[in-house]
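Going down the list, the protein sequences come from chains A and B. Using the working numbering, the letters of the first sequence map in sequence onto residues 1 to 233. Using the working numbering, the letters of the second sequence map in sequence onto residues 1 to 527.
It is possible that part of the hints are untrue.
Partial pick of chain B residues on the chain A-facing surface, computed with a CB cut under 10 Å [stated by the list, open to error]:
hint, residue
1, Ala-16
2, Leu-18
3, Ala-39
4, Ala-46
5, Leu-47
6, Leu-53
7, Pro-58
8, Ser-60
9, Val-62
10, Thr-69
11, Arg-298
12, Val-302
13, Glu-375
14, Asp-397
A short list of chain B residues far from chain A (calculated; beta carbon distances all over 12 Å) [what the hints assert, rightly or not]:
hint, residue
15, Arg-68
16, Val-71
17, Val-73
18, Gln-148
19, Ile-203
20, Arg-231
21, His-236
22, Ala-238
23, Ala-282
24, Glu-314
25, Arg-332
26, Met-417
Interface residues of chain B toward chain A, partial, derived using beta-carbon atoms under 8 Å [stated by the list, open to error]:
hint, residue
27, Arg-12
28, Phe-51
29, Leu-54
30, Asp-56
31, Ile-59
32, Thr-61
33, Thr-67
34, Thr-70
35, Glu-72
36, Ala-74
It is worth saying that the hints were derived from the structure and are not from the lab. C-beta atoms are modelled at their ideal positions from N, C-alpha and C, and glycine is treated no differently.
Okay, here's what each chain looks like letter by letter:
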Amino acid sequence: MTQTPGGAVAKPSEDPTLSGASPTESAIDPDARLMLRVRDDDAFAFEELVRRYQNRLLTVLEHSGNGRDQAEDLVQETFLRVFRARKTYRADAKFSTWVFTIAHNVAKNAIRRRSRRKEVSAERESSTDSAPAGIEGLAQANSGWMPARRLDKSEAGQMVRLALDSLSERQRVALLLTKFENMSYQDVAETMGLSVQAVKSLLFRARLNLKAMLEPYVEQGRRPHSAPPDEAD
Amino acid sequence: MNTASLTDDDRRDLVAYLDGELPPDEAARIEARMLSDDAYRAEMQALQGTFDLLEDLPISTVGPDFTRTTVEVASIDFRRRPSTSEFDPKRLLPAALLLLSVGLAGAFGFAWQRNRQSLPEREAIREFPILENYDAYDWGGDVEFLRQLRDEGIFDGTTFAAVVPTASPAPEEASAFDPWAEEMGPGLPAIGELTPEQVQTRIDRMGAQEREELASRMDRFEALPPEERRRLRDLHEALLADPEGEELLRLAHQYRQWVSTLTGEDRASLESLSSKNDERLAKIHELMKSEEARQFSRLVDVEVTPEDHQAIVEWLRDYVYAPENERRFRERISPDAWARLQRMGRDDRWIWTIVTYRRYSEGSDRLPLPTPSDEDLNRLSGSLTKTVRDALEKAGDSATKLRLLDEWMRAAVTARMSPNVDKAKLEAFYRDRLTSSVRAELDKLPPEELHRRLEIIYLANERRLREGEKLDVDQLRGYLGSQPNLPFPSMRRDGGPGFERFGPGRGSFSPPPPFAPPPPRRSDDPE
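With the sequences and hints as input, model every part of the structure.
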């Protein structure tokens, strides 16, 4: 199980409370129960939901290509929309899927707004699903990066960030949702408004692109805590 | 390691396997191949290894104030989003009713909970006396302006109870007839120094909605420019130091309440005169007369110009002050009340004389008003514009004219006594106080007529509440019929014109209204 920003989250398939077509108060996930209390104007429930999800949302939104400040704004906007939609909330969907769907839509709208204002960087604009930028080029562009040098965790994080940045926005989001939110393909599909098959293809390309850019560093053992693949598994 | 033999389908399956998305039989197939195919296994390990590198990304953490500000943003958004646009009862949807009537209290409570935490508490406590009177101070100008308001007698607090002694003048009775009392509520803030502990205690005792309102005022206060904040503080200090501070504070609240009933345009015109007290007072007079005329026009359902209204008011005033009629009124009103009436200004005294006269007849047969003469009626008719004169002439015989005149008199009294109806209050009344069947009846009316009827019902209900009663269904129907009753009731129980059927009135009355047995009491008589 992967450590997530908000703590470990079980995959839907591992969560017995998610079975059943019409969830009752006791059968739905705890966050959905909290949201039902928010629907009834419970202040503390809303605050608790904010606490539970703020870092999780921020992590995904920040790493999916938004600047830190912008990501915080998007998280706040997401919660505002959650709050505005509270009266129409129905607990028949997993809350995390619902809230990340809102966040995804908020982020997409922000990207559209930025596009209209021509604020998208040329680098980001040139990024496509099938044409990742080379990691070497990215590394060279980042001053002080020496391939022969061992990377500490912070530097490794930056390297991964550069690799991630070279992916398309959709690939990034799909990867981050599976990695940090342990989302199933079905949940990713719901969140991103895609078919499960499309998500499968999206993640396949994303993983291949990521591997193409980071594999040399894994193979050369330059990551401080990386283990040989056969040991890691 | 040679992975060139692997196809995209192989890799797609590997990724799905690593993501736990393959059914058990396919997963078993992948695992079997990994045992026998080194390249396949190496590819799987590379995919997993690079995916695991994502864990080197830092977990983002929000700043220390993020949670609080996010909840605040939500609560502020909640306060701002309810529409304050033009009132149209027909646009009220069930969902809005539910939100406003059921959810509001809870949501306000929550909003306050967050805001309360977020407010600089010491600031809130320090500014509490100003926040408590914020709207009044905001509109109150300075002490000099409030003194001028008092001297002009515009909001002089003259009340029915101040004029009419009751058999048992209980304190609640004193305010029960104050047309402003309902607007002010029972707890008009008293002026005086409060210790921080006293303030804290008062805040602790507040309900959720009061706290929310206080938090909202704090927001508004903090958003003011420094010089405006200083003006509010100066006004508060000046009222504290003034021996007449309590009275002036009450005036400030009355003025603020009146301002809140104005249109945005009228409010803006007053605001533009905030530094010119004399002009502002003249504007206040003008707006009050204009609104009184508008309300009168709505109540009588005739297109009455301000000049017509003024002519009718002057005629009624002359009628009340005519020596013969004044003698009749005086005979029926206690000496104390009469003395109080005489202390009132000429502009107000006639209204209160009629109201007092009627009040004294409560519980017994109502006293009819002295009948106006033909000469009186002709004089009135001659002072009206053609439209209104035609309406009077069309009434035909004298008895019908008297009925119309009685209606105008009641409308004039209502228009003067009842402060404008705040749209929000009217909306709340429509939403919360009327039954669905009454609302359905109202909804059948054209918008303007709906508004007029609703206002009439509201005013009638307010009047009944002040008298410790409330409208019943039959009375409500009286306001929904083709000829709605007026809020100020007829002087006669049978609903006919409140003037005497016989008697000289002032001057001769010829011919006298024909005698007829009193009609059966109408079920829709509000009394």
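So, going through the hints one by one against the coordinates:
At about 6 Å, the closest approach between the beta carbon of B:Ala-16 and any beta carbon in chain A falls short of 10 Å, and the interface hint on this residue holds. Look at B:Leu-18: its Cβ gets to within about 8 Å of chain A, closer than 10 Å, so that hint holds up. Interface restraint check for B:Ala-39: the shortest CB-CB distance to chain A comes to about 13 Å, outside 10 Å, so the restraint is violated. Interface restraint check for B:Ala-46: the shortest CB-CB distance to chain A comes to about 5 Å, inside 10 Å, so the restraint holds.
Nearest Cβ of chain A to the Cβ of B:Leu-47: about 5 Å, under the 10 Å cut. The hint holds. Hint status for B:Leu-53 relative to chain A: holds, with the closest Cβ pair at about 5 Å, below 10 Å. Taking 10 Å as the C-beta contact cut-off toward chain A, the hint placing B:Pro-58 at the interface holds, the least distance being around 5 Å. Interface restraint check for B:Ser-60: the shortest CB-CB distance to chain A comes to about 4 Å, inside 10 Å, so the restraint holds.
For the restraint placing B:Val-62 at the interface with chain A, the shortest Cβ-Cβ distance is roughly 5 Å, inside the 10 Å limit, so the hint holds. Satisfaction of the interface hint for B:Thr-69 is found here, the shortest Cβ-Cβ separation to chain A being roughly 7 Å, below the 10 Å cut-off. Annotation: B:Arg-298 was flagged as interfacial toward chain A, and the flag is violated, the nearest CB pair being 37 Å apart, outside 10 Å. Interface hint at B:Val-302: violated, since its Cβ lies 45 Å from the closest Cβ of chain A, which is beyond the 10 Å cut-off.
A least Cβ separation of about 66 Å between B:Glu-375 and chain A goes past the 10 Å threshold, and the interface hint is therefore violated. Given the 10 Å rule on beta carbons, the hint for B:Asp-397 is violated: about 60 Å separates it from the nearest Cβ of chain A. Under the 12 Å C-beta cut-off, the non-interface status given to B:Arg-68 relative to chain A is violated; the minimum distance is some 9 Å. B:Val-71, annotated as away from the interface, has a beta carbon of chain A within 12 Å; the closest lies near 5 Å.
The Cβ of B:Val-73 does not lie farther than 12 Å from every Cβ of chain A; its closest approach is about 6 Å, which violates its non-interface assignment. Every CB of chain A is more than 12 Å from the CB of B:Gln-148 (nearest about 45 Å), matching its label as outside the interface. B:Ile-203, annotated as away from the interface, keeps every beta carbon of chain A farther than 12 Å; the closest lies near 17 Å. With a minimum CB-CB distance of about 34 Å to chain A, B:Arg-231 clears the 12 Å threshold, and the non-interface call stands.
The Cβ of B:His-236 sits about 32 Å from the closest Cβ of chain A, beyond the 12 Å cut-off, so the non-interface label holds. Look at B:Ala-238: its CB is around 39 Å from the nearest CB on chain A, clear of 12 Å, so calling it non-interface holds up. With a minimum CB-CB distance of about 46 Å to chain A, B:Ala-282 clears the 12 Å threshold, and the non-interface call stands. Here B:Glu-314 stays apart from chain A, with its beta-carbon at least about 55 Å from theirs, past the 12 Å limit.
Distance to chain A confirms B:Arg-332 as a non-interface residue, since its nearest Cβ pair spans about 56 Å, more than 12 Å. For B:Met-417, the condition that its CB be more than 12 Å from all CB atoms of chain A holds, with the nearest at approximately 39 Å. Here the hint on B:Arg-12 is kept, as its CB sits about 5 Å from the closest CB of chain A, short of 8 Å. Interface restraint check: B:Phe-51 against chain A, minimum CB-CB distance 6 Å, threshold 8 Å, status holds.
Contact between B:Leu-54 and chain A, as hinted, is supported at the beta carbon level, the nearest pair being about 5 Å apart and thus within 8 Å. Using the Cβ-Cβ criterion of 8 Å, the hint placing B:Asp-56 at the interface with chain A is satisfied: the shortest such distance is roughly 4 Å. The interface hint given for B:Ile-59 holds, since its Cβ lies 5 Å from the closest Cβ of chain A, which is under the 8 Å cut-off. Evaluation of the B:Thr-61 hint against chain A yields a held restraint, the C-beta minimum of about 5 Å falling below 8 Å.
The interface hint given for B:Thr-67 is met, as the beta carbon of that residue sits about 5 Å from the closest beta carbon of chain A, less than 8 Å. For B:Thr-70, the shortest C-beta to C-beta distance to chain A is roughly 5 Å, which falls under 8 Å, so the interface hint holds. Given the 8 Å rule on beta carbons, the hint for B:Glu-72 is violated: about 10 Å separates it from the nearest Cβ of chain A. With a cut of 8 Å, the hint placing B:Ala-74 at the interface with chain A holds, because the nearest CB-to-CB distance is about 4 Å.
Hint violations for this structure: numbers 3, 11, 12, 13, 14, 15, 16, 17 and 35, all remaining hints satisfied.
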